[in-house]
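Participant: Listed here are the chains, written in short residue letters.
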Amino acid sequence: MSANTLIDELWTQDFYRSVEIFVPELILSATIVLLLLSRIMGCDKKVLPCWTAVGGVLLSFAAVFGQFLYLKTGGNSSTPPVQTLFELTRLSEDGVGTIGTYFSGLLVHDHFATLYRMGLLLFLLLVITLTVLTGIPDDEDGPDFYVLICGSTLGMLLATGVNHLLMLFVAIEMMSLPSYVLVGFLKGRKVSSEAALKYVVYGAGSAGVMLYGISLLSGLLGSGVISELGGRFAFLMQDQAFSLGSSETITLVLGIIMVLVGVAFKLSLVPFHFWAPDAFEGASAEVGGFLSVASKAAAFALLIRFVMGFDGTAPVLQSLSRFIGIGLGVMAVISMTFGNLAAYTQTNMKRLLAYSTIAHAGYMLLAISALLVTLNAPSNSELNATQEAVHCVEGLTYYLAVYLFMNLTAFAVVALVRNQTFSEDLSAYRGLFSGGPTIKVLCVCLAISFFSLVGMPPFGGFTAKLFIFLSAFKAGSVHWIMWALVGLGGLNTAFSLYFYLKVLKTVFMDSPAEGQPAVDAPPLVGWYVLILSLPIVILGASPLQDDLSRIAEFAAESLFR
Amino acid sequence: MSDAALLSLTIFTPTIFAVLLMAFDKKAEEGMRVFALIGTVCTFLLSLVMWGRFNSAEAGYQMMVSAPWITNWNIDYRLGVDGISLPLVLLTGLVSTLAAVASWSIKEKIRGYLILFLMLETGMMGVFLSLDFFLFYVFWEVMLLPMYFLIGVWGGPRREYAALKFFLYTLVGSVLMLIAMLMFYFDSSKLAGGKGVFSLIQLTEYARTGGFSQTNQLIAFILLFIGFAIKLPSFPFHTWLPDAHVEAPTPISMILAGVLLKMGGYGIIRIAMPLCPWATQYAAWYLVALGVFSILYGAFAAMAQTDFKRMVAYSSVSHMGYVLIGLAVWKIDETGATVRPDHWLMGMQGGMYQMLAHGISSAGMFFMVGVIYDRVHHRDLNKFGGLMQRMPWYSGVAVGIFFAGLGLPGLCGFIGEAFVVLSMWNFNPTLAILAASGVILTAGYILWTIQRVYFGPEYKGPHGEDLVDMNGRESSVAVSLLALAIVFGIMPSIMLDVMNPTTEALTQSLSDGYDNSSKAAAPQVSLK
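Chains A and B supply the protein sequences, listed in that same order.
Residues in the first sequence are numbered consecutively from 1, following the numbering used here.
Residues in the second sequence are numbered consecutively from 1001, following the numbering used here.
It is possible that part of the hints are untrue.
[To be verified] Derived pair list, reagent style DSSO-like, types lysine-lysine, alpha-carbon separation capped at 30 Å:
id, chain 1, residue 1, chain 2, residue 2
1, B, Lys1027, A, Lys505
2, B, Lys1107, B, Lys1027
3, B, Lys1026, A, Lys440
4, B, Lys1165, A, Lys440
5, A, Lys72, B, Lys1195
[Said to hold, decoys possible] From the structure, some residues in chain A lie toward chain B, with a derived Cβ separation under 7 Å:
id, residue
6, Gly436
7, Met456
8, Pro457
9, Phe469
10, Phe473
11, Leu488
12, Ala494
13, Lys505
14, Ser511
15, Glu514
16, Glu553
[To be verified] Sample of chain A residues lacking proximity to chain B, with all beta carbon distances greater than 12 Å (derived):
id, residue
17, Ser78
18, Leu211
19, Ser246
20, Val390
21, Gly490
22, Leu497
Please keep in mind that the hints were generated in silico from the structure rather than gathered at the bench.
By construction, the Cβ of each residue, glycine as well, lies at the ideal position given by its N, Cα and C atoms.
Throw the hints in and build the complete structure from the sequences for me.
Facilitator: Take a look at the structure:
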């Protein structure tokens, strides 16, 4: 396809539809431009950059929310405000209402992508609110900070809908580059700069590996469109069975592994996690919270897109996918075990949370492993493969939704406590519960978040973990190793208890150090954290769990059409 | 009030009161205590209403409530009560109320204490009333969180160690239960066609008709049994118990011994046995032997203690051994038919009665230890003596309660132990003789303790000047427990009548389940 025809197609065929779908991203881009301009014009003293950012993100969220509602209701909502929203955002059946690729096949639009975009923008909104409350960044650096954080989110939005290897690379780089700067944002702190440098070097290395993998894949298969990769490989192999002896297969597997290295770096999976503890310790807690949730959610969406590219009915594809699935499962268990054990000796809260996110990436990766194994069950299996695969993605989505709130609560408490005690060390948390009423609220919310991270009912973390374990357990009927992995995953829950409890013990049971003044925080902060932790309880013990699980199922189903 | 409202309110009334406690002023400690007590009393009254509506002549679940919760995974909000759970619900309501009265001895951070205490009661009620495996698990863990803090914040000197040990042990047990839950969900998805099942009623029915393979039953039973044996506690999973008991404040010790230990037994009888009938029979001999060993081990260990509370804690290990034996005395002949099912039925009733009796007597014993600890601030058995002269009223009631723990005929402890030992004779006379000798050891350590603490010429230990007799609040708790111990001792039919039809149905369904599992497995064996 020559460039001319490409441009012609772009203008004639799906340009208007593409733009209609792309509106939230465009709004976010406009916000970024506005933030930069306001700096040049000097308007950032009159309208604080955080409010510009909040406004832009809100608009963007409203746009994507409208899209999701449109898809959910099929464009015919009986409630007047929703209908007005549809009309205001000019959603149409041919545009947003039609799922499929856009921008000449570079990106794909479906329920799954829309839901993830919505989640990411909601999360961005919550993080920006947190930064307003904690006062990082100061007014001087405001525009830079919000430009970076919005830019990184823009890359994440792209990542949820990638349909081309090129886009995959662009999306990963786009979310990574601003985050390198964000990690080093606390200028003048040595740890911060060191962390940023480590992050950059590591990121650049893994990007290089990934790019090489991409070139191998597209060179071997003659296409970069992810959804075509599987079909082409099946065509290439004809009736050959899957064996690592054949040169095509080994090249393909090598290419896939190299791409997975790039994704695993974003997910901070063992053994590509080395940057995480340092970067999290160096970065401010707000940035840590942002990186730990948002980039993970986006990378998981991207990973699903990538591995689903090799979905197909040819036996060779099924063996390949099972092979990748089991490999990912083993990696998942190694990640959670390592993360949980390494967290034992940590005394810095952000470092501890970094190891905790490594472990949680492991739990979530187990869902993708289960997805690949169940989806490619041999035809004689009793499983209803597609339905079970939907449940795997549903479980992952549920987990991410809960994870968004529980991890952000933890990081928010760390940031807010830092503002009072000027320390992120565990020793500064001794007897924190004996502080003022707002600090008490923060402590209780921290406990809720931590127990949810352990996976204790009645908090959302338990339900989410159970969904993933159930899916993985079912995958055990395809390959027994999944049962072993679930068993180890369960054991890891008990491992992880100790270090979370160590923090809670320090907060609730130790007496404060001698001469340490009782601290308190502004009441507004308490309300913020309370609202943030409320969904953890709601998603663990309320009828709304049904709604979220149905929405997640609705989104997941669109992947398997 | 509809059944749904009655059962849900029984579970959630304490939570509602806990939330309302937030509205109290910080200084209104007395008001908060009274308010929390009202909450527990209301819950107890609701459980009495439940008893009033319960039809004792009928086997199976009554007042069932069912509402879809997470439909994608077939998880329901499903409650119900039967002859096995009703006595334990009543026990929970009662012990919680008495523990709330005993909570006046807690002096600091009172609001946090009461909120956690009430949440704990919600968890306990929920465990006994839920009929959905998922819901059961949720409540099971809900109980764990407040307990951790109640021991860890308001406990004795080594409270952090004890709380962590308790939490880790129980969580490991829970994880094993979780894996068993996954197994049943997965197995039942084949039987139900499509989605798996969490409903315990449905799962029991599948198990009765031989739906689960023998291997899976055995694996699941081992996982579930370890999970519940930790709570029961049975040797060798009991080591958390003495630490937790010694460090926990008195009211929490009462709840721990009075209700939480019963959850182990309840889990076995409600989940492990009905869902794995074949494995239960397969493991029966080991379970009984383990029970006998627990009785003897617990009794010897109790005899060796010098800490009053630790002694009572080990006596719990010993007493819960009877529960395990009673449930497991299931003997079959070569054809697989149950030998003398009436004996097994008696054992099962004895085991369940033992749970109730122990709930009353051990809560009483811990309370009595707490009363004396509040005065002299030590628990060293060798430094006591002569309390009968200084505190005659307290000592009299205490001796009565200790006799109930000993199993003196006419008091509650006797019925359960007698039933269990009698039913064991049919199972295995040697083990029966060993278990019966446990009764002598029990008498030994309890009488020796009474002698060391209450008799003797005079009290020589520290803080002798503080020895004043029980006040009205303490007397009310002690006397209620003693009165119940006597009532349950002379009129066991109050509770046995409630249990009878359900236990009979249970033994029948277990026998059927064993037959069907054997039949289902038989053709496969012949093919090989």
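Participant: Look at each hint and say if it fits the structure.
Facilitator: Consistency of the hints with the structure:
1. Lys1027/B to Lys505/A: Cα-Cα ~26 Å, so holds.
2. Lys1107/B to Lys1027/B: Holds. Lys1107/B to Lys1027/B sits at ~12 Å (cutoff 30 Å).
3. Lys1026/B to Lys440/A: holds (14 Å)
4. Lys1165/B to Lys440/A: holds (26 Å)
5. Lys72/A to Lys1195/B: holds (24 Å)
6. Gly436: The hint is violated - Gly436/A has no Cβ within 7 Å of chain B, the shortest such distance being about 12 Å.
7. Met456: Hint on Met456/A: holds, closest Cβ of chain B at ~5 Å, below 7 Å.
8. Pro457: holds (4 Å)
9. Phe469: holds (6 Å)
10. Phe473: holds (4 Å)
11. Leu488: violated (11 Å)
12. Ala494: Holds, about 5 Å.
13. Lys505: With a minimum Cβ separation of about 6 Å from chain B (threshold 7 Å), the hint on Lys505/A holds.
14. Ser511: Violated - the Cβ of Ser511/A stays beyond 7 Å from chain B, reaching only about 11 Å at its closest.
15. Glu514: violated (19 Å)
16. Glu553: holds (6 Å)
17. Ser78: holds (23 Å)
18. Leu211: Leu211/A is indeed farther than 12 Å from all Cβ atoms of chain B, at 39 Å.
19. Ser246: holds (36 Å)
20. Val390: Non-interface label on Val390/A violated, nearest chain B Cβ at 9 Å vs cutoff 12 Å.
21. Gly490: Nearest chain B Cβ is 5 Å from Gly490/A, so the label is violated.
22. Leu497: violated (5 Å)
Hint compliance for this structure: hints 6, 11, 14, 15, 20, 21, 22 are broken, all remaining hints hold.
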